[in-house]
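S.K.: Residue strings, one per chain:
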Amino acid sequence: MSKKYCEKFKIPKHLEVPMGAVIPAPVKENRNMITGNWRTERPVIDHEACTLCLNCFLFCPDACWHLDEKEERMVWNADFCKGCLICVNECPADCLTPVNELEFKGGVVRLEKPF
Amino acid sequence: MAKAVETQNLEAVKSIRRVPQEEYYLPGHRTCQGCGPALTYKLVSKAAGPDSIFLGPTGCMYVANTSYLCSPWAYPWMHTQITNAGAVASGIEAAYQVLIRKGKYKGKLPNIVVMGGDGGSIDIGLQAMSGLMYRGHDVLFIMYDNESYANTGIQTSPATPYGANTTFTPPGEAIPEGKVLFPKDAPQLVIGGHPAVHYVATASVAYPVDLINKVRKALNYKGPSFLHIHSPCPKGWMFDAAKTVEVAKLAIETGMWVNYEWEKGEYTYQHTPKEYKPVKEYMKTQQRFAHLTDAHIAKMQAFIDARLKAPGIPVALPVLGPREE
Amino acid sequence: MADVYQITIWARGVVQDMEGRHMSLIMANSADKDGKFVQAWDDYADLPDRVGVPLRKYVRISDEEIEMRYEYENKEPNMVVLMDDTIVKGMNILWGMKKGGVLVVNSKRSPDEILKFVPNKELLKKVICVDAEHAFSMEGLDFMGSEGGVEAAAVGAGISAVIAGAAVHGTDNLTLDSLVAVAANKEGAKEGYEKAVVKDL
Amino acid sequence: MAKEMFLAGCSAAAHGAKLSRVEVISSYPIRPYTGIMMELSKLVANGELDAEFVHGEGEHAQVSIAYGASAAGARAYTGSSGVGVTYAMECYSPAAGGRLPCQMAIADRALDPPGDFGSEHTDVMSARDQGWIMGWAETPQEVLDNTIMYFRIGEDPGVMLPQFCCQDGYFVSHIPGKVVYPEQSQVDEYLPPFKNPHPLDPTKPVSHGPQIYPDQGPAIDLQRAQAFIDVPKVIRKAVKEYNEIFGRDYSPFLDEYRTDDADFVFFLQGGHARTARYAVNHLRDKGVKAGMVKLRFLRPFPTEEIAETLSKFKAVGTVETSTSYGGAMKGGNLIHEVRAALYDVPKPPAVTSFMAGLGGEVVTLDEFYNMAKVLAQAAKTGKVDQYVYWVNFDKGV
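Chains as they are written, first to last, in our numbering: chain H, 1 to 115; chain F, 1 to 325; chain B, 1 to 201; chain R, 1 to 397.
None of these hints come from the bench; they were simulated from the model. We put the beta carbon where it would ideally sit given N, CA and C, even for glycine. Careful: at least some of the hints might be erroneous.
Taking lysine-lysine pairs in the DSS-like style, the calculated list, with each CA pair at most 27 Å apart, reads [what the hints assert, rightly or not]: (1) R:Lys195 with F:Lys108; (2) H:Lys113 with B:Lys33; (3) H:Lys28 with F:Lys106; (4) R:Lys204 with F:Lys102; (5) R:Lys373 with R:Lys3; (6) R:Lys204 with F:Lys106; (7) R:Lys237 with R:Lys312; (8) F:Lys274 with F:Lys249; (9) R:Lys312 with R:Lys240; (10) R:Lys289 with R:Lys373; (11) H:Lys13 with B:Lys75; (12) B:Lys108 with H:Lys113; (13) R:Lys314 with R:Lys373; (14) H:Lys8 with R:Lys195; (15) R:Lys380 with R:Lys395; (16) H:Lys13 with R:Lys204.
Residues on chain H that point at chain R, a partial pick, calculated with CB under 7 Å [to be verified]: (17) Met19; (18) Ala25; (19) Val27; (20) Ala78; (21) Gly107; (22) Val109.
For reference, chain H alone in the conformation it holds in the complex:
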């Protein structure tokens, strides 16, 4: 008697899902979810005025501010900063200024789809 239901399914590469939808954890950043394109304004830092109080580092929900211990300055992550501007609001030294994203040539993300 012939088997009339499909015996071996072929799933196209772009739709492949690991067994049980278990995926490896990211190591440094989740490159599959770039969020830099959420930004309408970016925080621009005045390193002279920065006191390294670390408020921006502490309060950023997207972990986009880090202290470069060697250079002794704060480093900003343009790929993922969503532009919430909590850092600007919480900066006691007033060293952060929001500037419209189109003022900058760089920081282009240009995704095919929003995710």
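Starting from the known structure of chain H, fit chains F, B and R onto it as the hints suggest.
M.R.: Okay, now just chains F, B and R, sitting in the frame of chain H:
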């Protein structure tokens, strides 16, 4: 049966400078600009460190974080139903107890942390959470409180404050204040009936060092502990994304939120202002309260005044319930 | 199958969700008033929306019954509308567009300034910029129309009417008269039409 | 040498779990499965079984605890009956979709209302589409054997699926029978320790259960469908090896009884098969060519085997023991699947169904004789008058 399972000991952080630089809740998630719960997640992850397993019951912190087959967590993480985080965590903890005992897992017991929203903690998830607390599993249950079912489009939850405009409690002619009920007291639900619990605390994203230390203290306790973390939601509470921390701070300054610890029956309070500002100052920062009249705000003030007499300790509602009026 | 004119609207999550949806609704309504067959919907996969996330809303307009339905997205947009100009950097906004498309942008900037950020501008025959004077704010927002709920606010009461008015320059499928008739912000629709900066390529 | 014991189905399941060295057990009381957990709790209390015994706060929690433990890499065991099975419904799909094998021992019970503690398969049958392996045992011996076999099948690296290991409440669960008790060393040889290929382990972090894009939905469904197409091969091997090591003679899917030259057969699953065997014997004594085919797995459903086996007969009567209100045949579920499997057979038998064994009602020998009359008539004419007979209520039965 004797349990010779080794647990971890996490050091307290003394200042901002000592907050770990390492991130375990990594950039690249679909949470809102200025998301309070995301900030909570980041700080809790820093506190717990890499030797941890996190569980995410359905809610914003599941859907926004794992959208489309990717995830921002550097440690093992598992989705649970919104209903059963406490139970799945119990299963994982029990599994580690037996696997370590049998020598199948070499290492200390991982920190097992549930990151539940208000719905997944004290509404539909309450039964499983209570079951976990009662049975005494070595799990930290965190309720990141954004005061609504935010993922589904801001619907009322038992943590939603009186007077809030949500998509299930819209203000209208017949019900002018929007939400008419006062919220459940989450820490009291845990403290009030779970003898295995020795540590319950509230924390706020406005005070990250305090938050980190409370997480570490909770994890160092053997057995279950509960943290209730105030996590403002720009979308749901309708305030500008840059003001998440500002709003959280104002909540403490007006008495809308109280940071306290309950350790083996003793209460201690943190960040209490010398003088409380009127709740109106807090409420006017958020569009969800924009429709309220002075009479409604007075009702909220009365509720807060009564609660501040003994924060953390249950008090009778100073205002009539909706069925009594 | 008949020609279907596809419009894809890009908006910022939460702060522009309602305006974006209103834009799709008034565009579809006005074309319907002109006797066309129409569809308008939110991209379901973009929801639940988060503050700031790029969101898509869609319109389809045709002279005949539109038989494609339930697809999540417009695969070949003829017109793309950006309710916030910075989206031009974040997305391949002309994704799927065939040659001869139209770009409508809510911006203080000129079409030339916007085009600097469009690497595949050869697909475009026209760029329209209009300054709808929009400030991102939580004030006056209403979530009730999201997730298939009922629109509580008057449809097209805000900047959507202004941008839609400007978009009339880009296609015969929209007429100013009908747009003014269906949008709550009637003056806005006229204003948008008048102050639009149009550049033919 | 293997010893013999006199065990009810509940204790047999518990000892099957003990022999399988389960590591996390989650319990919640409901009759009639409760005895399984009573026995297991004693084994844990006595130190005979090294496992974590977790008292769930309900069936929903029980299944959650079990699949959570499985995600961490432990062999997990739980169980339930009746409305408990349906209360946990939400948790079946995450366990199966997450490919987290764990075992749920079921002693069937009718659903409410009214409050009825008798056996009926509807409780777990209503979860048959959740992606769990599912089958019934006829005797305490088969309960014990199935418990061990199911772990082996579900934990196969190509399968990785949870299992419902079912027995009829009271009939099997509460009536003791002789059980040949396997040696622990033999079970250890047959059933290696559980290895989750992607455990929740901080030394190699993974994320379980992320959101997917709608396009990827069918791919996940296909994966599970594929797993169920692959399971039969694993079952055949697991049953064959079990028979060899423990000296049993289970067929993988269909247990046939006196079917040689049979005109018609009773087709059923679970405990009533015992009575059916006696009925067949007595019918044969009277010259009636009756037989019985017992189904051992409802999921995966053995379509080819059914087509091949049942097409040998002139008539088949499914004895339902479950309900499918408003279904295609307006009676039970088994007939749907049997008729679907027989659709392409050149000369299919006449198939009808008997609504018997509902709400804990006993299916008596007399009832089997009445069913036999209907089937004998169908075998003679080659067609059935009705698709469903409500036994004791319908004409002729």
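S.K.: Looking back at the numbered hints, which does the structure fail to meet, lowest number first?
M.R.: 2, 5, 19, 20, 21 and 22
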